[in-house]
Amino acid sequence: MNSASIHLISTGGTIDKIYNPLTGHLDVGPSVLPAILAPAGLEGEALAVSEVLRKDSLVISDAERHTLAAFVAASPARRVLITHGTDTMGASAALIEAAAPDKTVVLSGAMVPYSIAGSDAAFNVGIAYAAVQLLPPGVYLAMHGQVLPHAQYVKDREQGRFLAR
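Here our numbering is used: the first residue of the sequence shown is 1, the next is one more, and so on.
It is worth saying that the hints were derived from the structure and are not from the lab.
Treat the numbers as computed from the prediction; the structure is a model and nothing was measured.
Don't take each hint at face value.
What the hints assert, rightly or not - Dumping the calculated DSSO-like pairs for lysine-lysine here, alpha-carbon to alpha-carbon at most 27 Å:
(1) Lys103 with Lys155
(2) Lys55 with Lys103
(3) Lys55 with Lys155
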């Protein structure tokens, strides 16, 4: 990967959940980033995805968040798009900001898994992909049609949406 590319990182979360017929639960599966971005005509290196955690964000430990932040800081890419579970996206964003202040990082996810009809995943990732190419260094969240610095978002659990603070 060269320094001009966008590094795509998947950590799991709702966006990657798939129905497991054996348990009747939604489990975190492989990254959906290639499935979302391929129809847009993106090829080759642009679709290379690093899977860092593959977990629901509620079970990501502080040590794992630090590992993610260090992974982002060590990436040769100046621009990084991360899919992440929505419950603790802000906590990870704060650590990434401290570890990689010179990079443009956009985190996104979904309230409904990509594998389920009516998911917001493709829309959120599409906006995040555009934003990571256009924004100056900083750490942002791209959810529900808005891209804001991570500290300016709040997850409204009653509405099931991210809102500007």
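Does Lys55 pair with Lys103 here, judged by a C-alpha cut-off of 27 Å?
Holds: Lys55 and Lys103 sit about 24 Å apart, inside 27 Å.
Are the Cα atoms of Lys55 and Lys155 separated by 27 Å or less?
19 Å, holds
Hey, Lys103 versus Lys155, does the alpha-carbon distance stay inside 27 Å?
Cα-Cα ~24 Å, so holds.
No hint from the list above goes unmet by this structure.
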